[in-house]
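Starting from the given sequences, assemble the full structure and let the hints guide the process.
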Amino acid sequence: MLEPLVDPDGAPFWEYAARGELRVQTCADCGEPRFPPRPCCPHCQSFVSAWALTSGRGRIWSYVVPHPPLLPDYAEHAPYNVVLVELAEAPRIRLVGNLVREAGAPLGSFPPDRVRIGARVQAVFDGNRPPQWILERP
Amino acid sequence: MPGAAGLKDATAIAGIGQTPFAKHLPEDEKTLACRAVLAALDDAGIAPGEVDALASYTMEETDEVELAKAVGFGDLTFFSRVPYGGGGSCATVAHLAAAIAAGQASVGVAWRSRKRGSGPRPWTNTVVQLPTPAQWTRPSGLLRPVDEIAMLARRYMYEYGATRDHLFNVALACRNRANQNPAAVMYERPLTRESYMTSRWISEPLCLYDNCLETDGALACVVVSRERALDCRHRPVLVHSAAQGLPAQHHGMVNYWNDDPLTGPAWTAARHLWKHADFTPQDVDVAQIYDAFTPLVPLSLEGYGFCGRGEGGAFTEGGALEIGGRLPLNTGGGGLSEAYVHGFNLINEGVKQLRGTSTAQVPGAATCLVTAGEGVPTSALLLRS
Numbered sequence: 001m002l003e004p005l006v007d008p009d010g011a012p013f014w015e016y017a018a019r020g021e022l023r024v025q026t027c028a029d030c031g032e033p034r035f036p037p038r039p040c041c042p043h044c045q046s047f048v049s050a051w052a053l054t055s056g057r058g059r060i061w062s063y064v065v066p067h068p069p070l071l072p073d074y075a076e077h078a079p080y081n082v083v084l085v086e087l088a089e090a091p092r093i094r095l096v097g098n099l100v101r102e103a104g105a106p107l108g109s110f111p112p113d114r115v116r117i118g119a120r121v122q123a124v125f126d127g128n129r130p131p132q133w134i135l136e137r138p
Numbered sequence: 001m002p003g004a005a006g007l008k009d010a011t012a013i014a015g016i017g018q019t020p021f022a023k024h025l026p027e028d029e030k031t032l033a034c035r036a037v038l039a040a041l042d043d044a045g046i047a048p049g050e051v052d053a054l055a056s057y058t059m060e061e062t063d064e065v066e067l068a069k070a071v072g073f074g075d076l077t078f079f080s081r082v083p084y085g086g087g088g089s090c091a092t093v094a095h096l097a098a099a100i101a102a103g104q105a106s107v108g109v110a111w112r113s114r115k116r117g118s119g120p121r122p123w124t125n126t127v128v129q130l131p132t133p134a135q136w137t138r139p140s141g142l143l144r145p146v147d148e149i150a151m152l153a154r155r156y157m158y159e160y161g162a163t164r165d166h167l168f169n170v171a172l173a174c175r176n177r178a179n180q181n182p183a184a185v186m187y188e189r190p191l192t193r194e195s196y197m198t199s200r201w202i203s204e205p206l207c208l209y210d211n212c213l214e215t216d217g218a219l220a221c222v223v224v225s226r227e228r229a230l231d232c233r234h235r236p237v238l239v240h241s242a243a244q245g246l247p248a249q250h251h252g253m254v255n256y257w258n259d260d261p262l263t264g265p266a267w268t269a270a271r272h273l274w275k276h277a278d279f280t281p282q283d284v285d286v287a288q289i290y291d292a293f294t295p296l297v298p299l300s301l302e303g304y305g306f307c308g309r310g311e312g313g314a315f316t317e318g319g320a321l322e323i324g325g326r327l328p329l330n331t332g333g334g335g336l337s338e339a340y341v342h343g344f345n346l347i348n349e350g351v352k353q354l355r356g357t358s359t360a361q362v363p364g365a366a367t368c369l370v371t372a373g374e375g376v377p378t379s380a381l382l383l384r385s
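Order-wise, the sequence lines are chains A and B.
Using the UniProt record's numbering, the letters of the first sequence correspond one by one to residues 1 to 138.
Using the UniProt record's numbering, the letters of the second sequence correspond one by one to residues 1 to 385.
Read the hints as simulated data drawn from the structure, not as lab findings.
Just so you know, even glycine gets a beta-carbon here, dropped at the ideal spot from N, CA and C.
Mixed in with the good hints, there may be bad ones.
[Unchecked claim] Label pairs and their calculated CB-CB ranges:
hint, chain 1, residue 1, chain 2, residue 2, range
1, A, 120, B, 246, 31 to 41 Å
2, B, 28, A, 106, 33 to 43 Å
3, B, 356, A, 120, 54 to 64 Å
4, B, 271, A, 120, 32 to 42 Å
5, B, 197, A, 73, 51 to 61 Å
[Claimed, not checked] SDA-like cross-link-like pairs, simulated, lysine to any residue; straight-line CA separation at most 25 Å:
hint, chain 1, residue 1, chain 2, residue 2
6, B, 8, B, 83
7, B, 23, A, 23
8, B, 69, B, 27
9, B, 30, B, 247
10, B, 115, B, 58
11, B, 69, B, 49
12, B, 23, A, 72
13, B, 115, B, 80
14, B, 69, B, 115
15, B, 275, B, 247
16, B, 23, A, 71
17, B, 23, B, 123
18, B, 8, B, 225
19, B, 115, B, 28
20, B, 115, A, 69
21, B, 69, B, 35
22, B, 30, B, 68
23, B, 115, A, 72
24, B, 115, A, 68
25, B, 30, B, 64
26, B, 23, B, 8
27, B, 23, A, 69
28, B, 115, A, 71
29, B, 8, B, 52
Below you can see the structure in the form of structure tokens.
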């Protein structure tokens, strides 16, 4: 599986994720959250930012179900879902991930035909991987 | 008075050229580039030694030095590259038009040569960062451009009630035009609704026929001043208006992180394009709209003002995109059915329409919109005869 190719702007996100926390870069001056992370705030141009802890809750904004041809590690699990989740605290921030049966389950573990736009989901973490999502009410 | 005259009708496309299109061509990209460029110059009746300006895509592999020394260009005084893949197609012509209108050059050549049919698929490269924020998307299996666009397509269908039939209408119009175009890869391959609806998925909700072709081929065109074009071999096709578009807080094909992911670069380019035009979307006789994936067409129809927000799917109903319809589309077959060469074939097809020489000619066509890739920083041209 592809590992995130981390850049300096994104590194804190992954460090917090490894501790099981979903945090979002937020301007320390004007308070606007922003994603993907970047050096300065597009609203007030401040270079000072903090990483705000979120509840990890969100709703599915959209999803796709990829089929081959895919990279071999992914083809093995296809067809699988990829969801785009709007964060409850910051609806403009939508994270790409997989809806899975339980934390650490493979990306094909949740049946694609049961994914729905609008479903409430919760982030769960599995080491250095992107956050996964489980249904808030299975 | 800088900028007083502007670009409007100051320049024209005087020549077009192309190689054959196929899944596999034996010659390399550099040779194909040379052939397309020389064909375009011959079509214009201009000698290679007169060329002093070049424009292409940052993804183009044949560089200016290689092309210039191979085909025998003169001294070049302007050369530019446009980023973001298929978003750059129309901007190559726009850059040349601006350079010529500003007096920086007199004969410009734009080109694209690509062996996408027989070469590697860019997304299979796991080392190089693609021009997207890959760390946030690829590890979860959102690997290919089709996956990224399918995410927006699903939401579009959910919000506005667009259907697979609407996407089929796009694929069918392109295929029908390709069936009239002997140079098209899909010339002898008709498409039916049944074959569309039962084809394999690539990334649900998009199926095989929602995806463009993978093609080897090259194209080029020649841009000169309007006055010079009058002395060339064909009726000049005027560059009436041109625009690039990179909206505020846009993120490329993964445009997931702003208020409204479904209004993309087309909206930005369109505002500039129409502001500088003497006519409106209602006056466009034929359109060449970038179609790497079918959902880009309804999104572009909305962005360029042919219909309202959310109406792009419904716009395709009743044969609107066919010859004789409200807006005949991609009359050479487009990227879906003629060739996928990062949209350059759409520019040349626009020129053919306004010369009256298309294989699917719209009677009396006098205005044509050509667009580059929606979903990435884009560009567009309004051409007129």
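Practice prompt. Could you check the structure against the hints above and give me the numbers of any it violates, in ascending order?
Written response: 5, 7, 9, 26
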